[in-house]
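Read off the chains here:
2 protein chains.
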Amino acid sequence: MNQVAPNMENKSIAVIGLGYVGLPLFCQLSTSFSVVGYDVDNNRINELSRCIDSKKSVDRKQLCRALSNGIVTADIKKLSSSNVFIVTVPTPISKNNKPDTSALENVCLSISTIIKKNAIVIFESTVFPGATEELCVPLLAKSGLRFNVDFFVGYSPERINVGDTEHQIKNVSKIVSGSTPETTQIIASIYREILSKDIIVSSCIKVAEAAKMYENVQRDLLIALANEYSEYCKMENISIDEVTKCASSKWNFSNVSPGLVGGHCIGVDPYYLLERASSKGIKLPLIQKARNINENKSINVANRIYNLIYDSKLSSPKILLLGFAYKPNSCDIRNTKVSVVLNELRNKGFYVDCYDPLVNIDEVYKEYGLGLLSTLSDINSFDLIIVMVEHDSILQLIQTCKESHFVYLRNLL
Amino acid sequence: MNQVAPNMENKSIAVIGLGYVGLPLFCQLSTSFSVVGYDVDNNRINELSRCIDSKKSVDRKQLCRALSNGIVTADIKKLSSSNVFIVTVPTPISKNNKPDTSALENVCLSISTIIKKNAIVIFESTVFPGATEELCVPLLAKSGLRFNVDFFVGYSPERINVGDTEHQIKNVSKIVSGSTPETTQIIASIYREILSKDIIVSSCIKVAEAAKMYENVQRDLLIALANEYSEYCKMENISIDEVTKCASSKWNFSNVSPGLVGGHCIGVDPYYLLERASSKGIKLPLIQKARNINENKSINVANRIYNLIYDSKLSSPKILLLGFAYKPNSCDIRNTKVSVVLNELRNKGFYVDCYDPLVNIDEVYKEYGLGLLSTLSDINSFDLIIVMVEHDSILQLIQTCKESHFVYLRNLL
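In the order they appear, the protein sequences are chains A and W.
In short: position in the first sequence from 1, add 5, done, that's this note's numbering.
In short: position in the second sequence from 1, add 5, done, that's this note's numbering.
Pulled out of the complex, with its shape left as it was, chain A reads as follows (with noise of 0.2 Å):
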């Protein structure tokens, strides 16, 4: 193969999939470069012209100045003039846990249409190693043009951490990978310019996939253990807390808590690996035993709170989940686990409400068809009220319950 370097004397930067990780690298490119951000939903790019970010991952003001140097738009055709393509696309997996890689997929057959000679198309959605050259390269050359000779491709994991504004994308390190050396240069060249921390260049673009995958495995293992062995100080009676606490004291322990794997990215991520080394005849059976004990984890919680009503004695009881959002002071839903809960007792016959006072329940119904308060109106006639996810909010609410009214989800793991 011809390895030239992409002529790349004007970036053009198109950010494509405007959501928890591209509206944010969005605003920060766009204090650097003429940027355009594409999202294939009407009323997000609605939204985001008024300014407005439903989702909460960027702040009114860094999204306002950010649309005074760039727009955002549906029309896959504004993108014509890019000339870097920046791919932030949710890749999830379907209901019975398999990789759905369509958005992804469609992501690539779009550029196509419209990718001009010498473009480079960066992805940074989590895909399973080796996405980027054998699923996504195919798809962009239905363009014609020539992998490696007229167009280009680079790898670099987003690392973005829902609500946690200590590790924003401007002060996090970030892997980047190219295609050919040049390209790995240009890519690094444009975080660079963004970035406050650490360029890490990988030499390939599979190493950086696989390392993306590797962060996220092992996150899924730690709280796995953390889930198994919380179960274990509970027949020793003493608390995984505590425990915990005094653990972290050592130089190189991670201090993870135990907990409902939900989110975009640990409890996804794990099901791409293990497809992609099922399909190769390899089997990983620490990571997958790590998964089953994490999905397992709802079911069991569901199983405490119904040992809970048992033993309460009440006849037909009355139960509040706060929370559902799938971390605490969030509104993001992605596969949040108290969906499986509130499924679980509701499936029991229990007369079961949710309220969450962050997230948006018309999303909720469209996502799970789970009907959840709008309002509370009076947290006083529940019988039971477990706190499912510890918003500050939620947290204030509960300081007008009776202490014997309510349940942590931590104290139920």
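There's no promise every hint is true.
Identical copies carry no separate label here, and so any pair may be met within one copy or between two of them.
Claimed, not checked - When the alpha-carbon atoms are kept at most 25 Å apart in a straight line, the in silico BS3-like pairs for lysine-lysine are as follows:
1. K100 with K318
2. K122 with K318
3. K239 with K294
4. K250 with K147
5. K16 with K83
Hints were generated in silico from the structure; no laboratory data involved.
On a predicted model such as this, the values are computed, not experimentally measured, just so you know.
Add chain W to chain A, keeping to what the hints say.
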């Protein structure tokens, strides 16, 4: 139970077990206290009396200084005026991976013959949660003294990392716990005297025991993941080392390399936990799976070496394993997995020598029944050399070899 404070105006401390954990502790304590060091092994006492530490766990100057303030003895009666006993004896596993607490039990029985009213016995040895109070206290009570009335106990897990000059006894945090609040305070005051880092007080002994166990099973699990992911990376034809380096740029990623898990802690302690859990009817499938992966890694490595030999097409190759200790730059042979690899290859009928300039080959023979080379006359007479342990001296040694002649273990993991 009558919870009273031990009377402890003048502390006279005995350190029981003068190995990798006890000797550094003895030396450190001797800077502030009157200390007697006890070891059941007469040979060990003889060498220490002459300011020699064949385990190289402390330097000669430090040892000589300590001996000017305290004595070492193999006679338990010399400890009869001590009122604080710190137990650091090994808690190994048997050939079939069952906990072997005999040294710990014997020490408790020995102490019970000399212990006086108001004494405190502190355990530093790694044990299953519950061991101090359920296993040790009843043995100490054979003295006729009453627990928490006449004598008291505590648990403060050791954090010795063999060969690690950065994390020395005096500059790492330490967890302390005692059988009464007053005992805990006295124990904390002893360690506070000799350590420059935080003392973490746990609410009960079992929490401190469980914290130590958690530290080590978490480490075992992370290495097992690295071992599993390393196999996956091999299939993808990418370097686990580079993937790990990239992933380590994430703020919460634990930088852990694949490897054979030997030594006294990480490969041993999980069996104590598994046995305890099993005796209580609890399964710990993730911890068990991690242990299996790490145990099997030695066999995988032997098989990879077998494949190398096979590929080399040499009819009767002479093979050399370089290094036998369980970690680089250490003479520690406890639970080294090089023994498994060596045994596997010899059992397959290969001519395999092993050389380690740091270890005592008589000890190796005694412990493993394996003969090692005492000197290495001609390294170039071997057809295949595997660098099993990267001692500085070994890395220097192979500089005289052709690159095609040797392979690093890390490339076989």
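Legend entry - Those earlier numbered hints the structure runs against, lowest number first: The structure conflicts with hints 1, 2 and 4, although it agrees with all the remaining ones.
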